[in-house]
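S.K.: Listed below, chain by chain, are the residues.
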Amino acid sequence: SVPVEKWNGPDRKIEFLHGTTTLAFKFQHGVIVAVDSRATAGSYIASQTVKKVIEINPYLLGTMAGGAADCSFWERLLARQCRVYELRNKERISVAAASKLLANMVYQYKGMGLSMGTMVCGWDKTGPGLYYVDSEGNRVCGDLFAVGSGSMYAYGIVDSGLKQKDLTVEEACDLGRRAIYQATYRDAYSGGQVNLYHVHSEGWTRVSQSDVLMLHQQYQAEKA
Amino acid sequence: MEYLIGIQGQDFVLVAADNIAANSIIQMKQDQDKMFKLSDKILLLCVGEAGDTVQFAEYIQKNIQLYKMRNGYELSPKAAANFTRKNLADYLRSRTPYHVNLLLAGFDETDGPGLYYMDHLSALAKAPFAAHGYGAYLTLSILDRYYRPDLTRDEAVDLLKKCVEELNKRFILNLPSFTVRLIDTEGIHDLEKLMPVGAKLLAPAPSS
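As given, the protein sequences belong to chains Z and L, one line each in that order. When we follow the numbering used here, the leftmost residue of the first sequence carries the number 1, and every step to the right adds one. When we follow the numbering used here, the leftmost residue of the second sequence carries the number 225, and every step to the right adds one.
To be clear, the hints were calculated from the coordinates, so they are not data collected in a lab. Some hints could be false.
Claimed, not checked - Pairwise CB distance ranges (calculated):
hint, chain 1, residue 1, chain 2, residue 2, range
1, Z, Gln81, L, Tyr315, 23 to 29 Å
2, Z, Phe73, L, Tyr315, 34 to 40 Å
3, L, Glu282, Z, Ser43, 49 to 55 Å
4, L, Glu416, Z, Ala96, 25 to 31 Å
5, L, Lys261, Z, His200, 30 to 36 Å
6, Z, Gln81, L, Ser318, 25 to 31 Å
7, Z, Ser47, L, Gln289, 31 to 37 Å
8, Z, Asp174, L, Arg319, 29 to 35 Å
9, Z, Ser43, L, Arg394, 53 to 59 Å
10, L, Asn306, Z, Arg206, 50 to 56 Å
11, Z, Met214, L, Asp414, 34 to 40 Å
12, L, Gln289, Z, His200, 25 to 31 Å
13, L, Tyr358, Z, Asp211, 27 to 33 Å
As the list claims (entries may be wrong) - Quick partial rundown of chain Z residues pointing at chain L, CB under 8 Å, derived from the structure:
hint, residue
14, Tyr44
15, Tyr107
16, Glu136
17, Ser151
18, Met152
19, Gly156
20, Ser160
All values reported here derive from a predicted model rather than from experimental measurement. Just so it is clear, CB atoms sit at the ideal spot from N, CA and C, and this is done for glycine as well.
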């Protein structure tokens, strides 16, 4: 296992995606999941077109923040475990159980250098579900999470936007999109496109992919 | 950052824990329950490193329940506390120690109420009152000054309120709400959440 002092020194392994903004929030009609698409290696932008939402199964989504390999590998493994659960129990796995499986898997590797901050979002028989799970061992249920270097900027937008109750699906999508845009504006390590998903009782739907620079033009025009 | 407090009375134990789940400087959740029910009359309050808290507390919880299934009767609070301490101690000098601070509160039919303080170095002490976290520095003196062994339930709650108000006044972090529970001969009772005046609580998101 890597000692903590080595985590920031010259021996540190290159880690993509530490810079990122991902968010998810519950509202009246389900869960909105919005992410950016930039991958950085130090100050180099490695990619502007990364898919940071992992489609675990047709009704479960996972977001990616931290190490790309860690996120996609473990969530792919989670998809496998969810399928096994379905086969054994003849019913879909709940979001709580899926997130617990993931949390327990990565807890075994605590302190060994895994970097993963993910939100498990889905819809099960208790309604919309949203859990934050990370490689430190955190597993928290909630109504709103933002993860990544741009998360604080995103929190600002979503917290103020959610104050007005009862958003429609379109308003919620706009809020998610706006929050990621604002985060990419301020955070150097977030950018590219905003990928937006909506989770509802029938599963998840890919709502939109919007380039952040186009959104910038659009919002500037609206302001005028 | 996190705060736990316990006060033992003549025939009850009052415990409270803050509700914030934080990640560096962000509050991720404002209604986190940090108490784990070990049995009908035993509560384990657990704070510390992310992951370790839930994993360790659930491990102890399941083992206490297993003991009951195997033997037909439950571990007493004193036995449960010693079992917990032993587990902490066994893992302390391993590669994966549990970095958790605990309060175990319980009611025993023969011994009465009991409050046990445990820390990440596997210390164990039975105490009339105890607290964990930075908040403890601010509140232990209040407990020293005003605690009496013959406190009634209401007086204990008032003493708890004094402590929480002090935190609200002097503690740099905003702790807007506290889960409060009381254990007596009848079991575990949920009391009203303590929300000190002036502390800001995030409005809950609307949900269907």
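S.K.: If a hint holds in the structure, say so; if it does not, say that too.
M.R.: Going through the hints against the structure:
no.	hint	in the structure
1	Z:Gln81 - L:Tyr315: 23 to 29 Å	holds (27 Å)
2	Z:Phe73 - L:Tyr315: 34 to 40 Å	violated (28 Å)
3	L:Glu282 - Z:Ser43: 49 to 55 Å	violated (42 Å)
4	L:Glu416 - Z:Ala96: 25 to 31 Å	holds (27 Å)
5	L:Lys261 - Z:His200: 30 to 36 Å	holds (34 Å)
6	Z:Gln81 - L:Ser318: 25 to 31 Å	holds (27 Å)
7	Z:Ser47 - L:Gln289: 31 to 37 Å	violated (49 Å)
8	Z:Asp174 - L:Arg319: 29 to 35 Å	violated (49 Å)
9	Z:Ser43 - L:Arg394: 53 to 59 Å	violated (42 Å)
10	L:Asn306 - Z:Arg206: 50 to 56 Å	holds (55 Å)
11	Z:Met214 - L:Asp414: 34 to 40 Å	violated (51 Å)
12	L:Gln289 - Z:His200: 25 to 31 Å	violated (37 Å)
13	L:Tyr358 - Z:Asp211: 27 to 33 Å	violated (45 Å)
14	Tyr44	violated (25 Å)
15	Tyr107	holds (6 Å)
16	Glu136	holds (4 Å)
17	Ser151	holds (7 Å)
18	Met152	holds (7 Å)
19	Gly156	violated (11 Å)
20	Ser160	violated (11 Å)
Comparing the model with each numbered hint stated earlier shows that hints 2, 3, 7, 8, 9, 11, 12, 13, 14, 19 and 20 do not hold.
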